[in-house]
Amino acid sequence: MRRPLGIILPILLLIVWEIAAQSINNQFILPRLETVVPVLLAPTVDILGTGSLVHNALVSLERVGAGFLVALAIAIPLGVGMGWSQRFDAIVDTTIQLLRPIPPLAWGPLAIAWFSVGINSMVFIIFLGAFFPILLNTIDGVKSIKKTWVEVAQTLGASERQVLSKVVLPGASPTIWTGLRVGFGIAWMCVIAAEWLPGTTSGLGYLTLYAYNFGQMHYIIAGMITIGIIGIAFDFLFRSVEDRWFCWRGLER
Amino acid sequence: MKLAIRDLSKVFVTGTGEKVPALEGINLTVEDEEFLCILGPSGCGKTTLLRIIAGLDTPTTGSIQVDGEALSGPSRRIAMIFQEYSLFPWRTVLENVVFGLEVQGMDREERLAAARKYLDLVGLSSFEKNLPYELSGGMRQRVAVARALATEPTALLMDEPFGALDAQTRNLMQTELQEIWRKTRKTILFVTHSVDEAVFLADRIVVLTERPGRVREIVPVKKCPHPRDRTCRDFVDIRRHVLDLISGGSSD
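So the protein lines, in turn, are chains B and L.
Numbering-wise, this note's numbering puts 35 at position 31 of the first sequence, and it's gapless, one number per residue.
Numbering-wise, this note's numbering puts 300 at position 204 of the second sequence, and it's gapless, one number per residue.
Hints are computed from structural coordinates only; laboratory data are not their basis.
A couple of the hints might just be wrong.
When the alpha-carbon atoms are kept at most 27 Å apart in a straight line, the in silico BS3-like pairs for lysine-lysine are as follows [claimed, not checked]: (1) L:Lys279 with L:Lys318; (2) L:Lys319 with L:Lys98; (3) B:Lys147 with B:Lys170; (4) B:Lys170 with B:Lys150; (5) L:Lys279 with L:Lys319; (6) L:Lys225 with L:Lys279; (7) B:Lys170 with L:Lys225; (8) B:Lys170 with L:Lys279; (9) L:Lys213 with L:Lys319; (10) L:Lys318 with L:Lys98; (11) L:Lys225 with L:Lys213; (12) L:Lys225 with B:Lys151; (13) B:Lys151 with L:Lys279; (14) B:Lys170 with B:Lys151; (15) B:Lys150 with L:Lys98.
Per the computed footprint, the stretches of chain L lying under chain B, defined by three or more beta-carbons under 8 Å from a beta-carbon of chain B, are [unchecked claim]: (16) 134-143; (17) 146-157; (18) 173-179; (19) 229-241.
Keep in mind it's a predicted model, so treat the numbers as computed, not measured.
Virtual Cβ for every residue (Gly too), placed ideally from N, Cα, C.
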């Protein structure tokens, strides 16, 4: 029953939108539904010379993928180290806490100065967005490992390396996965904003900003809806993997 | 395996720098293939003693010798079975049992065959693909026993392994453990706070005092033949004697 109930509000929202659009009757403020839907239904058609929705979505996804992978590759080992060794945690933690409150976009100007305009500066910003949720969840996951698991492994002859790879990492993996899901969500938000940086010429973020310059509101909204759909799709993907791989989560006995 | 514990003591230092003695002057010899129960009230340090023998804790003073060699850290010849939460919940039953052999570098086919052999011994062959959360408490402890046996240790340390089980399952597990002990001839050190369990299982019962734990008395049970009848005269007499020793402590 939850799904049918949940669908009511979005439909109402669409109706309200349409009524509002008709009464406002100004496509520069709120375009009508029937101007947006055709754009979404033709995702491979070029928009204002920037390429199609699909093309721009792929460009954005590629950037997110790159930034996300770099974040994952650094945050997981760092988080395992910080969660496992109190001494290492004491050394690194203050620095992490100092850097964490800075919004990834605040690094924009520095990113451009260091990596120049283009994909590298965007990847840097996306990396920052994904990095902290992955790191914090990894630390949390490692710290909440049951002590008995580690001791069982030790009494069975596992070296510290084996304890880390065969007990700590898999034991923390559900929490790490949550970090990846949250991190990807934030990375996806960051890419849109990063594509508003000067010098960008493609991507869904760029598309919406570019369409604004021409007052093409229906393209903006179509772009926003595409951004939302892709975000939901990936969240769903992460969750279904979670249900399949980590069905034991919360059932440790 | 012969285990000799000499003048062993353990003092814990709390976060505030306070010294809490847990064990004091423990002298104990465990004979090869012996089933020894360690019994005592809660907090008497019996788990600490087991953890020290397992190499998970270090004694403050004293030493432990295994067949004449000093013990330092976890040894492949000694396996430990914990009260609960010991199975890796992300590994299937078979993958759990195979763990020790896997970290010891045995090759895949060989270790799977060995693991299956012990899974069969505890009667869980048909559950090898299940995850631990799908099993009952008794089954999970059987898996833990199979996992410990798979590495072919000469001694098994068991820390209240049936403490979290209901009374019926517990009795069943005690009988099964007796069987396994008879078949495998391991040296077993079994910690419990149940007098009944100790008298049912042990060759000798080491009764510890309250904290700090010292050896109060070592009670031989050998004259009672296996499988033991809990209502027979000798059983009841020994049980009463042990209860007297720990009177004031738990005796469920």
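Hints, one by one, checked against the model:
1. L:Lys279 with L:Lys318: Holds, because 18 Å separates the two Cα atoms, which is no more than 27 Å.
2. L:Lys319 with L:Lys98: 21 Å, holds
3. B:Lys147 with B:Lys170: 15 Å, holds
4. B:Lys170 with B:Lys150: 13 Å, holds
5. L:Lys279 with L:Lys319: OK: Lys279 (chain L) and Lys319 (chain L) at ~20 Å, within 27 Å.
6. L:Lys225 with L:Lys279: Roughly 26 Å between the alpha carbons, so the hint for Lys225 (chain L) and Lys279 (chain L) holds.
7. B:Lys170 with L:Lys225: At roughly 18 Å apart (the allowed maximum being 27 Å), Lys225 (chain L) and Lys170 (chain B) satisfy the hint.
8. B:Lys170 with L:Lys279: 31 Å, violated
9. L:Lys213 with L:Lys319: 33 Å, violated
10. L:Lys318 with L:Lys98: 18 Å, holds
11. L:Lys225 with L:Lys213: Holds. Lys225 (chain L) to Lys213 (chain L) sits at ~15 Å (cutoff 27 Å).
12. L:Lys225 with B:Lys151: Status holds; Cα separation ~25 Å.
13. B:Lys151 with L:Lys279: 32 Å, violated
14. B:Lys170 with B:Lys151: The given pair, whose Cα atoms are some 14 Å apart, holds under the 27 Å limit.
15. B:Lys150 with L:Lys98: 32 Å, violated
16. 134-143: Not satisfied, violated; 0 residues make the cut.
17. 146-157: holds (count 3)
18. 173-179: It holds, with 4 qualifying residues against the three required.
19. 229-241: holds (count 3)
In summary, the structure is inconsistent with hints 8, 9, 13, 15 and 16 from the numbered list given earlier, while agreeing with the others.
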